[in-house]
Amino acid sequence: MTRTRVLVADALALFRSGIQAVLGRERDFEVVEASGLEQLLRAAEERCPDIALIDLDLPPRGGISAVAQLSEHCSCCAIVWSFDPSAEAVLEAVRAGADGYIDKRISSEGLVRSLRGVTRGEAPLARDLTSRMIDALHGLDLRERARERAKSLSARERQVLELVALGAQNKQIANELLISEFTVKRHMQNILHKLELPSRGAAVAFLGKLEAV
Amino acid sequence: MNARREDGTLVAVVSSAPLVGEALAASMEALAEVRWFPSGRGDTAGLLNSLRPDAVVVDSEDEARAATPFARTSRVPLVYVLLEERKVRFLRNGGWEEPPKPDLSPEGIRNLLVGRLFGRERTG
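These protein sequence lines are chains A and B, in that order. First residue of the first sequence: 1, per the working numbering; consecutive thereafter. First residue of the second sequence: 1001, per the working numbering; consecutive thereafter.
Hints are supplied without guarantee of correctness; some may be wrong.
[What the hints assert, rightly or not] If the Cβ cut is set under 8 Å, some of the chain A residues that face chain B in the computed set are:
| id | residue |
| --- | --- |
| 1 | Thr4 |
| 2 | Arg5 |
| 3 | Leu12 |
| 4 | Ala13 |
| 5 | Leu14 |
| 6 | Gly18 |
| 7 | Ile19 |
| 8 | Val22 |
| 9 | Ser107 |
| 10 | Ser108 |
| 11 | Ala205 |
| 12 | Phe206 |
| 13 | Lys209 |
[Claimed, not checked] Ranges between beta-carbon positions, derived for each pair:
| id | chain 1 | residue 1 | chain 2 | residue 2 | range |
| --- | --- | --- | --- | --- | --- |
| 14 | B | Asn1111 | A | Ala11 | 49 to 55 Å |
| 15 | A | Asp128 | B | Asp1043 | 42 to 48 Å |
| 16 | B | Arg1072 | A | Arg147 | 40 to 46 Å |
| 17 | B | Trp1096 | A | Gly201 | 44 to 50 Å |
| 18 | B | Gly1040 | A | Arg200 | 43 to 49 Å |
| 19 | A | Glu162 | B | Asp1043 | 49 to 55 Å |
Just so you know, these hints were derived from the structure itself, not from any lab. A virtual CB, placed ideally from N, CA and C, is assigned to each residue, including glycine.
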């Protein structure tokens, strides 16, 4: 019987041993351990595993970077795992080349089932993680559209908006930019029109979100 | 991990991750029965009072707080594994202490427990 070689990369021996204990009871798995990136790459070079289970916080630069580096060494199925994965973490892992994402709270039976699924070409991703990933994709799409709209602002309009975000009144903005208050109002109208926003407050919130990206 | 061992030594692991229970069960195999219970279900104190284990391992602050009264009154070893911080604490003389060289491996935690279960370390 050909056994599925699973390379577990996790700084915490508790999790590596937990997987050893669970998969050790199964006849179709063999486990190799790595506590960091260097060990992971060395083990993958020696013999490419079928599955690499990589901790999101794998030292020294994290699991997502490890997934990208691992893909340069061998073509195994890379799965990232962590506690309470965020939508962004799942999305980032998948974008880096991960084939799935597992929550560390997974049951022993669930883990075996997921890994066997991987050997059949399934992507392990819990239902709640799938919906979180879709949310993250939608968020990305919205941010992309926001960026596009922001690009339509002129340099002067952007300056006005930034001053508005700092809490400046039209008169203060006019003084700051050496323009008339009337011109500030015109700029503000143009900003709201281009960004398709209803109010000054909404424009400030838009800028805040844009800068947070 | 179902039947209690003949020597009766039972370690309760209250953790969010079943794999933590699996790792500790493997490391304690010849020494004690290890049972895993999911954390965050509430009434850990009630669970421990009913189960009356010989030692307790937890991995969250809430569970550590909930398990402390039982560990104190029953003078049972209580080990708190801080997975994110990669630290381990144990209850001694009513307060939390950290070993000088924290060892989060299953064997390291086993050694902490064994010292308190079968050795001369004072617990509670």
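Consistency of the hints with the structure:
no. : hint                             : verdict
1   : Thr4                             : 18 Å, violated
2   : Arg5                             : 19 Å, violated
3   : Leu12                            : 6 Å, holds
4   : Ala13                            : 4 Å, holds
5   : Leu14                            : 5 Å, holds
6   : Gly18                            : 3 Å, holds
7   : Ile19                            : 6 Å, holds
8   : Val22                            : 5 Å, holds
9   : Ser107                           : 5 Å, holds
10  : Ser108                           : 5 Å, holds
11  : Ala205                           : 33 Å, violated
12  : Phe206                           : 35 Å, violated
13  : Lys209                           : 29 Å, violated
14  : B:Asn1111 / A:Ala11: 49 to 55 Å  : 20 Å, violated
15  : A:Asp128 / B:Asp1043: 42 to 48 Å : 25 Å, violated
16  : B:Arg1072 / A:Arg147: 40 to 46 Å : 57 Å, violated
17  : B:Trp1096 / A:Gly201: 44 to 50 Å : 48 Å, holds
18  : B:Gly1040 / A:Arg200: 43 to 49 Å : 45 Å, holds
19  : A:Glu162 / B:Asp1043: 49 to 55 Å : 54 Å, holds
The structure shown violates the earlier hints numbered 1, 2, 11, 12, 13, 14, 15 and 16.
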